[in-house]
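Novice: Sequence:
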Amino acid sequence: SSSPGLDLIALALNGKAGGFEKVIALVDELVVNLKKEQEGDDGKREYCQKSFDESDDKKKELERSIKDSETAIDEMKGFIETTSAEIEALNAGIKALDKSVAEATEQRKADNAEFEDLIASDSTAKEVLSWAKNRLNRFYNPKLYKAPPKRELSEEERITVNMGGTLAPTTLGGIAGTGIGASFLQVRDVSAERAAPPPPPETFGPYTKKGQESAGVMQMIDLLVADLDKEMQEAQVSEKDAQADYEKMLEDASAKRAADSKSLTEKADAKATAEENLQAETEKKAGTTKELMANLEYIQSLHGECDWLLQYYDVRKQARADEIDSLTKAKAVLSGADYALVQGRAVRRSAKFLAPEA
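For the sequence shown, counting from 1, position 15 maps to 629 in the working numbering; every step adds exactly one.
To be clear, the hints were calculated from the coordinates, so they are not data collected in a lab. Treat the hints with caution; some may be incorrect.
Claimed, not checked - Label-pair restraints from in silico Cβ distances:
id : residue 1 : residue 2 : range
1  : 847       : 877       : 43 to 49 Å
2  : 914       : 688       : 29 to 35 Å
3  : 761       : 836       : 17 to 23 Å
As the list claims (entries may be wrong) - Straight line, CA to CA, 25 Å or less: simulated PhoX-like cross-link-like pairs of lysine-lysine:
id : residue 1 : residue 2
4  : 649       : 943
5  : 649       : 664
6  : 885       : 709
7  : 672       : 899
8  : 898       : 673
9  : 713       : 870
10 : 870       : 881
11 : 898       : 885
12 : 650       : 943
13 : 713       : 740
14 : 681       : 658
15 : 904       : 681
16 : 899       : 691
17 : 931       : 658
18 : 740       : 854
19 : 664       : 674
20 : 691       : 881
21 : 862       : 876
22 : 904       : 691
23 : 876       : 713
24 : 931       : 664
25 : 931       : 649
26 : 881       : 723
27 : 881       : 674
28 : 709       : 876
29 : 674       : 658
30 : 649       : 636
31 : 673       : 870
32 : 760       : 740
33 : 854       : 844
34 : 681       : 885
35 : 691       : 898
36 : 691       : 681
37 : 681       : 898
38 : 862       : 709
39 : 943       : 636
40 : 898       : 672
Bear in mind that the values here come from a model prediction, so they are computed numbers and not experimental data. Backbone N, C-alpha and C fix where the C-beta goes; we use that ideal spot for every residue, glycine too.
With these hints in hand, go ahead and build the complete structure from the sequences.
Specialist: Here is the structure:
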């Protein structure tokens with residue numbers, strides 16, 4: 615292929631370049647321009663390589679950041695899901711605990727009411743048996759009989775008696791008019807429901823041995839009272855144990871509820887924090903992804919700007935070196951370094967002018 619330097623030399627040798635000095639100056643200028651062009655390629659090549667390295671490093675960094683964000687997002691989503699399930703379980707547990715406490719409280723009230731009824735019933739039964747025993751003592755053992763307390767007259771009743779009046783008979787109520795169990799039993803008329811009990815069999819003759827018969831009855835009453843005392847004592851022990859168990863259950867339930875409530879609050883706070891972090895990490899990933907896309911676009915623009923230069927850099931460098939070498943040799947020729955070539959031309963030109971005309 616032709617070269618500008620050789621073309622100039624050809625023009626100079628043909629005497630059309632206006633003198634060797636101008637041609638030599640032009641050669642020097644061409645060499646300088648070629649070297650500047652090479653320096654430009656060198657700088658551009660260095661810029662392209664550095665830009666590719668930096669953008670590739672940035673790309674890898676952004677890709678790692680996105681991957682880390684995806685891992686963190688997956689972990690936070692899993693944590694939020696697990697924590698939500700734990701919060702739901704805690705709420706259900708607290709609700710179930712409150713329900714069990716309410717049921718236990720209702721059961722305790724019912725058991726206590728049953729206990730109170732038993733104590734009242736047995737106490738009334740004991741009073742009846744004591745009253746019966748005292749009545750028996752009145753007939754069979756007068757020394758042990760305890761007369762009822764004298765009636766306390768009101769001021770109005772005392773005036774009535776002092777004026778010779780008669781007081782209305784006192785109705786004690788209760789069991790058989792004794793006043794026993796009046797607040798416990800509901801008095802009802804049973805005469806219409808059943809007939810009076812039949813008289814005792816004729817085989818029961820009059821009491822002939824009051825001491826022996828009364829002793830048997832007294833012993834039976836004492837046994838009944840003892841059974842009632844035993845039943846009441848057992849009921850009181852059971853009631854005390856049941857109340858203690860209930861109070862212990864309340865204490866344990868209260869402690870568990872407090873612990874579960876604390877755990878519920880902590881988990882709710884942790885979930886809220888995780889949700890905030892998830893939102894922040896999601897936004898971070900979106901920003902990083904956007905930055906990565908811009909980086910990829912920049913890399914693409916670098917390919918458009920640098921690929922041709924990098925691909926043909928060595929070829930262009932070698933071509934410039936060859937051109938500079940050719941120009942340098944041409945300059946040497948023009949400067950008289952190759953004397954043989956100059957002398958040969960001079961002889962040929964002299965021969966042309968000295969040759970005889972034909």
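Novice: Is residue 881 close enough to residue 674, meaning Cα to Cα at most 25 Å?
Specialist: violated (37 Å)
Novice: Within a Cα-Cα threshold of 25 Å, do residue 870 and residue 881 meet the stated pairing?
Specialist: holds (16 Å)
Novice: Going straight from one Cα to the other, do residue 881 and residue 723 come out at no more than 25 Å?
Specialist: violated (36 Å)
Novice: Taking only the CA atoms, is the gap from residue 649 to residue 636 under or equal to 25 Å?
Specialist: With a Cα-Cα distance of about 20 Å, the restraint between residue 649 and residue 636 holds, given a limit of 25 Å.
Novice: Does the structure keep residue 876 and residue 713 at a Cα separation of 25 Å or less?
Specialist: Judged against 25 Å, a Cα distance of about 19 Å means the pair holds.
Novice: Going straight from one Cα to the other, do residue 649 and residue 943 come out at no more than 25 Å?
Specialist: Measuring from Cα to Cα gives roughly 16 Å; hence the hint holds.
Novice: Are the Cα positions of residue 713 and residue 740 separated by 25 Å at most?
Specialist: Status violated; Cα separation ~40 Å.
Novice: Does the alpha-carbon distance linking residue 943 and residue 636 stay inside the 25 Å limit?
Specialist: Roughly 16 Å between the alpha carbons, so the hint for residue 943 and residue 636 holds.
Novice: Do the alpha carbons of residue 760 and residue 740 lie within 25 Å of each other, as the hint requires?
Specialist: holds (16 Å)
Novice: Residue 674 and residue 658 were given as a pair; does the straight-line alpha-carbon distance stay at or below 25 Å?
Specialist: holds (24 Å)
Novice: Holds or violated: residue 649 with residue 664, Cα cutoff 25 Å?
Specialist: holds (22 Å)
Novice: Decide if the proposed pair is consistent with the structure: residue 691 and residue 898, CA atoms, cutoff 25 Å inclusive.
Specialist: holds (16 Å)
In the structure shown, a violation is registered for the earlier hints numbered 13, 14, 26, 27 and 31, in ascending order.
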